[in-house]
Every structure is written in C-alpha cells, then in structure tokens.
Amino acid sequence: MSSTYTRRDFLKTTSFSAILAGTSCMAGKLGSLDTPMFDDINKTVNTYCEMCSSRCQVEAKVKKGKVTFIQGNSHSKGMNTSICARGASGHSQLYDEQRLVKPLIRVGKRGEDKWMAVSYEEAFNFISEKLSKIKKEYGAKSVLFSAKTGEQFNHLATFTSLFGSPNLFSHVSTCPITYKVAFHHTYGAGLKRDFSNSKYILNFGHNLFEGIAVSKTKKFAKAVNKDSCKLVVLEPRFSIVASKADEWHSVKPGTDLAFVLSLIHVWLRDGKYDKEFVKNYTVGIEQLIESTKTTTPKWQEKITGIKAEVVERIANEIYAAAPSCIIDWGHKTTTGQSEFQRTRAILVANALMGNLEKEGGLFFGKKAKTVNKIANMNIAPTISNPDKHIKIVKDLRIDRASQKGDNIFVSRKYGVLMDIPDAILSKKPYEVKAWVMTRTNPLITVANPEKMKEAMNKLDLIVVNDVYMSETAQIADVVLPEATYLERDEGIQDISSKAPAYMMRNKVVEPINKTLTSYEIFRTLAKKMNIDSKYKWDNINSYRAHQASGNIKLLEKLAKDGYVSFGIPSLLYREKSYVDKFVEKYPSASSNLDENGLFTKMIKFKTPSGKIEIFSQTIEDAFPGYGVPANHDMDVQKGYPYIITSGKTAIHTNGHTQNIPYLNMLMSDNPVWINPITAKKENLKNGDKIFLENSVGKEKATVFITEGIRPDTLFVYMGFGRDSKELKRADGKGTCQSKLLPLDKGPVCSTMITNTGVKITRA
Amino acid sequence: MKKKFRMIHDENLCIGCQACSVACRSENDVPDNVFRMQVQIETKGIFPDLKMNMQRHSCVMCEDAPCVTVCPTGASFQTKDGLVQIDHRLCVSCKYCVVACPYDARFMNPITKNIEKCTFCYSNRVSKGLEPACVTVCPTDALVFGDINDTTSEVYKKAKESNLLYPKANLGTKPKVAFVPNKKGVSYE
Chain V
1 MSSTYTRRDF LKTTSFSAIL AGTSCMAGKL GSLDTPMFDD INKTVNTYCE MCSSRCQVEA
61 KVKKGKVTFI QGNSHSKGMN TSICARGASG HSQLYDEQRL VKPLIRVGKR GEDKWMAVSY
121 EEAFNFISEK LSKIKKEYGA KSVLFSAKTG EQFNHLATFT SLFGSPNLFS HVSTCPITYK
181 VAFHHTYGAG LKRDFSNSKY ILNFGHNLFE GIAVSKTKKF AKAVNKDSCK LVVLEPRFSI
241 VASKADEWHS VKPGTDLAFV LSLIHVWLRD GKYDKEFVKN YTVGIEQLIE STKTTTPKWQ
301 EKITGIKAEV VERIANEIYA AAPSCIIDWG HKTTTGQSEF QRTRAILVAN ALMGNLEKEG
361 GLFFGKKAKT VNKIANMNIA PTISNPDKHI KIVKDLRIDR ASQKGDNIFV SRKYGVLMDI
421 PDAILSKKPY EVKAWVMTRT NPLITVANPE KMKEAMNKLD LIVVNDVYMS ETAQIADVVL
481 PEATYLERDE GIQDISSKAP AYMMRNKVVE PINKTLTSYE IFRTLAKKMN IDSKYKWDNI
541 NSYRAHQASG NIKLLEKLAK DGYVSFGIPS LLYREKSYVD KFVEKYPSAS SNLDENGLFT
601 KMIKFKTPSG KIEIFSQTIE DAFPGYGVPA NHDMDVQKGY PYIITSGKTA IHTNGHTQNI
661 PYLNMLMSDN PVWINPITAK KENLKNGDKI FLENSVGKEK ATVFITEGIR PDTLFVYMGF
721 GRDSKELKRA DGKGTCQSKL LPLDKGPVCS TMITNTGVKI TRA
Chain U
764 MKKKFRMIHD ENLCIGCQAC SVACRSENDV PDNVFRMQVQ IETKGIFPDL KMNMQRHSCV
824 MCEDAPCVTV CPTGASFQTK DGLVQIDHRL CVSCKYCVVA CPYDARFMNP ITKNIEKCTF
884 CYSNRVSKGL EPACVTVCPT DALVFGDIND TTSEVYKKAK ESNLLYPKAN LGTKPKVAFV
944 PNKKGVSYE
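Chains V and U are the protein sequences, given in the same order. For the first sequence, position 227 matches number 227 in this note's numbering, and the numbering has no gaps at all. For the second sequence, position 33 matches number 796 in this note's numbering, and the numbering has no gaps at all.
Treat the hints with care, since some could be wrong.
What the hints assert, rightly or not - Simulated crosslink set (DSS-like; lysine-lysine; CA at most 25 Å straight-line):
#, chain 1, residue 1, chain 2, residue 2
1, U, Lys-814, V, Lys-685
2, U, Lys-923, V, Lys-222
3, U, Lys-920, V, Lys-77
Bear in mind the hints are in silico, worked out from the structure with no lab data behind them.
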C-alpha cells in the first residue's frame, strides 16, 4: 500500500474533495502504526471462534494485555480444551502487521492499490452520501448486500431491510445450500448426526478431519476408532477421513448419486428396509421403487467405478446395523450438477433405515422451546431475535430467488452469488449500482472471478469490510477495517443439540486502533442515513438484553463461561432409555408419552404432507422429473480428459486465512494432486509448472504426484492462488480453482459447481 | 516416587491437523519458520491400496540421550524426572547436540541463536500441574501425557490398553514419547 501520496495526487484522481479536510494519505495496516499499546491485564476470556464457520467455543488467555494462547472452552463438554490449528492461531491474525486497521478510500483507478487513510466518520459520510444518492436515482434495490453467514450476516440483513433492498446474499449458494434445500423438501427441517453411538457410517467425503468442527470431529474420531463402528468413505481422493476408514472407495467425481440409487435398489429389491417406519412416517415409496427399478449394482459399476458386489455387501451391512447407522450428507456439497438428487437420495436412504430419533442415527435439534413444550414447563430459557420485526424486502431480486424460475427454492436470505455477474452486466432485471459486503471475498470463493471482476468494475460503489486487504477489497472504493472476533462482544447463539445450549461471543481485548465491529458499522450507518427508527437496540448490550428478555442470570453466565447448558438430559424421541431419563427428571412430560412410552407424538415434519417426502410434489411441479431421487446429471467431466476437484485442509479456511502468519508457515501453497499414471502420460515431474485449462479459464499450477488420487481426477485445496499484493505472504502462491469454474448452477438447489473438466498444458 | 513421564501419540486418533504445532508456537514463543514439533503425514502404498501414517516429530526425551552425552558444556541435561532440557546460560550453540540427535529434533533459534527443542512444556506448564500445550489442544485427544507410575492417570490407562511402540527403538535411546501405530488403511509393508 502506497504511503507517499501527496495532496496533489489525491486531487488529481478524485472528486471527493469534501472528505479531504484534515486528512493525510497514509497506510492503513497495523504494521504502519506504532506498536499497539498493551495494558498489564492478565485474564482468560471464554468466547467462541471465527477462524472458520464451525464457531467452536474457545478460551483466550491474555498476558499483559496481549492474547497469547487460545484453547477450547472447557465449560463446553464437547470441546474440553481442544481446538484446531486455525482456532489456535486467532492471535496470529489479531496481531498480524498486514491486518487492516484504518478505513481507506480509493484514490487511484480501481484495483490500482492507491488509497487514502481516513477516519471512520469520513468513511461513513462518504458511504452514506453515495448510497443515498444511488437509492434516490436508481432505487434501493440497485444496491447489493452480502456477507458470510453468522451474526454479522444477521446485522447486515437488518440493515439491508431498513435500506429497502431485497438483494441480500449469504455465502450459502457456494457451500451448504444443497443440504439446506434438500432437507427442507424431505424432512421440513435439518437433522443432526449422532456420531458417538453409530455402528455404521457411510460417508461421501464429509471430511470432518480437515473441515474441522471440534466437538463433532472429536466424537467422529472416537467413534470411527472403535472396533464396534464401521466407516466407509466414498471420495475421489485419499483424504484424511478416507485414511481413517475401514473401507475407502475412490468414486468417480459427480457419480455418488449412482451409488446411493443402487443401494436403495438393493434394499427395495430385497425388502430390507424399515417398512413400519416408512409406512408411518413417509410418502412416496412407490415412486422410489419405480425410479430405482433399473439402478442396479451392475448399472452403477460403470458410472462410479465401484464393483457391484461392494454395493450389495454395503447395503446388507448397513441394514444389519440399522437403525444405528448414518448415511452422511456431508457439509460442503457444492460439487456437481447431480448434487440435489444425490443429497435427496442420501436423506431418503436414511429414512429407509428408520434411523430417525434413534441412538447412533439422526435426530432433530432439541431447542429450549421444544424441550419446554415436552416437559410442560420452562426448563430452559428461550432466546428471541430483537430484529425479528424487520422483514426482508419482498421485491424482485436480481437472481429471482424464491420467485418462479431456476431459483424458486432458494431463500431470500441466501440468494445465488453466481447470478450476480450476469445481472450486473445485462442490467436485467434492472440496473445494479453498488455492492456492500462484509467479510466475504467473492473474487476467490465464487466461480469465474474474471467475470465477477468485470461486473464489479461496472458498479459506482463497492464497500468492503474485512480484516485483510482481500482481492475484493482491492477493487473496492471504500475499505472498512473490521474488528476481529477477539475484539467483539456479540449476541447469544443457539447451539442446541440433543439438549438446549447457548454460547455468546465475549470481547477478549479492546479493538486495535479502535477498529469497529460490523454491527457497529451498520448500526452507525443506519443512524447516519436516518433509517434506524425500527431498531430496538442501540448497542450490543441492549441487543443481548433483548435476546435474553432481561434474563440477567443467563447473560452473566454467558459472559463468564461463554457457553451454557442446563443439565437437561439428552433426548431422542424414539429411544426408551432417553425418554425414561427425561420423564424421570421432568414427570410433567409424561402427558406427552405415546402408548409405547416414547415421544413419537413430538415427531413433526414441516412438509406439505406432514411426512418425510420421499416423493415431493412441490419439487416435481417446479422441476419435472426431480420429485423423487432418480438418475440425473452425473457427468462433470464435460469432454475434458480430467476432472478438477477441491476441498478443505485443516490449516486454512476458504479464502480467508492464507495470509495469517502461523497458518501460512504451515501451508503456503496448494500444488495440484496428480496420480503417477497421469503424470507419466502427461510427462510430468514433481514440481513442474503447468496450466489447467478449460472454456472458463486458464490457471497456473505446480505438480504434486501422489497415489492418493484417481488417475482421471486432479485435486487442489481451496483458497490459494491469491491475487492481492497486500497479502504479502500469500500473494501469487498456488492455484485458484474458482478461475476454472463455470457460473452454472446445480438444478433445484442452485448450488455452485466445484467439480469441472480441465486439460493439462505445459507452462 | 520419582515421576516417570510418558507422552503417547495415538496415530489412529491423530488427524494431522497441526493444532499441536500451533499451540506449541504460541506457548513457547517459537520464532517464525522453525518448529519444536509437527506431525508429519506420510501416504504409503499404490492407488487404491493406501494408508496414511501420522508421525509426531519432536524431541522424544531419550533416557539414554546422545544430545546430553555429547554436550561439551553440560547445557544439555536431564532433570531428576528424566526430562531432557537445555540450560541456555551454558549453551554455546556449538550444535553438537543438533548433529547427535537421531530424531532431528533440535534447531537453532534464528533470533536468540540458542539451541531449542520440545521441552514437554516442562517449566511453563508441566511443573505447574498443567499438560503440555500440544496435549491440551489436540482436537481428537490423540495425545495423552502424564506420570505412568500413577495408576490412576490417563496415560497409565492408555498404555495398558494399547500396543505401544517407540520411535527408532532399535537405537536403544529409550524415548519417553511412545506411539500407538496406525492400524487403518491397506499396508504393503
């Protein structure tokens, strides 16, 4: 970042003279400040992490005012003192000299990296003036808003609604959208997995050992290490989770659906499924029998590369273990065109095994409201949303999410990020003039960043809040430095599992250089723009108080421990021992028991039929042929010789952590995995520089020859190939897979496609 | 009774996530780009018959420690509990110990120029009744540490129920870091 701009330079390149008074041009990073002042405080603070989206509960130790050590929060039983490498590196981000600590306004051309450091006040004036002008001339809907999901997203959503724009986007379309949409149409709500007690887990690349969520990872690791639990993994590469499996099948990318359909075929053919459960709780088995008539183990063999007898054997093994079995739908399911059908087929396969609300199977989260209802008394405090009355604007969105068309099943809270470039460039359905975003970096994490950049360059205003000068921040007009999670107090989060639990984010240290949190940024902007009359709260403490409905005890406990549960026994509605324990503690719950002494009356599906929808008329009406799991769209290779896939490492998170010192030291590059057979065919040696190329783009890569990948498949870890010279450690290193990804979407769920065909050319 | 420390690394539970390595860096102010400990991941076999081994790479606290024997100044020494430590007041950074260590566990601190290695967090944690930083943070509880003479300890229980091996046992250095070997995956060994 240049620190040598004179007033004359600034005047030459900008017309925003109003903000000039009293400012000087200077760098805005922590390294440009004097050493931050530290007080003499020693303490530990319980809070929760934000180095990735898992949000594990942590304890931060402060020595002489400086965070020195981060470990798991032992108040949270599932965590104990455990944490992952990213979580343990929180202070490496906090004190990184390359971190942004001053608001910046662009003074050169877009992307020229010429900035002027200003005060927040000046930045807010600039933004509010610009936004008001755009709103007046083009309407509120001409402004897009986006953020990573989490509490920051909720505050942005509130601001978006008050501003009046329907165009709110989360990261969901680039990550977990498939299972969210599939669950909605199958069970009416999401389910959780009881890994600890499972006897059989069939895993489709859900890599909890690299995409770590500590308490889940711990349970999963311990379960699969027991002789009493079998883990079968289907995944093109030999990942960490594959390495811990009893069986690993290197399935051809995009074809897992064929395997699941074949599994279902075997069960239905042999009558090996929970007929009682299917009769009582599901609709559509007839359509499923019809759609899987020809999906035999032999049929799938040619598609997946997995032998027919393997499917036969696994089908029998799972049935023998049912209902203590989990057919895992995974997390990041954005892989190919068949994702919706694949995930639906997995959810349906679970239903056939009758593993719902059974030990070692699947269960609904037991939130306070639910357990209070069952107990017929208040056994856990409920939490409310102070912004609940502020509704998302129901106007025509640029991606038409939730409106008739391709994105009909996409929530207005998610949106489809891949639809943004076309909408901006075509000015259809209307003109977009500005984009305001917080902690999101679409130029790395969304498909076809070149086109995204081209579109962004058409905008009049781009505002980016971030901790680092990301690729997206580089082409912004205003960059607001954000306080990291260790410098923020936040509201209460519901993290109920088999029993209710909450966590709260507590500030560990004061923000360096008084950087603002994103909720402070949007709350202040709303005030400045005079659109804040509907807020019930002014600051985070009043937000928290509204959430807790004045329950001071709860707030005190959360402020101290960061986590709270209420000694309520774990509950599974169809497990006698769990139900008995619950009724023993809360006898008033006995009125909710059924004739078998279970809580089956509490099992409710928020679907049109009120049952698990093996066949969904709603889907069938909008997407003919997709109402029931069936054979669709499994080719991701698209005529190219190889398929490139991507995935997580335990050391980095999407497009955010590559420049963090501790993590960069452990991994600063992502060479492309190539099987030795492929390397020989392409005449490649370890370390060779190559290009991966397809109709979308051409991206450099370094060769890493490994047996751990199918010969027709290539693999890179996500988030590398960075292109911001302000990220001095990460810039220019590695491969950005997004540059090869088409903006196509998976049908029904509108997921981003992350497996695609490429060819290899020499650099 | 004299304490008999053991650290057990269960390769079956270890996921190679490097949380241990980061916690070690924080706890011990390890300078950039050098490491007191890491877990090295090694994939073996021919596709698709593979296995992945997770190997802890750090000082193993030998009972017969070559680094102590070769040290010309007595800077490398063993505590009464048998832990190998370095007295930086005596260390002249001659690097004999670095060369002598069969586990390649020692390095020169690029800032202080002292020789350093894993200490089991002895002075900063273990002597205060805490566990070493790496053990504390391990997400899958793959690391277990304690006094194996104490029959109520986790490490005693773990040792009893596991088939423990010692790294480079053939050298006869008698390490105090043991491992439970990986039993997952297909082996060609």
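Q: Of all the hints given earlier, name the ones this structure violates by number, lowest first.
A: none
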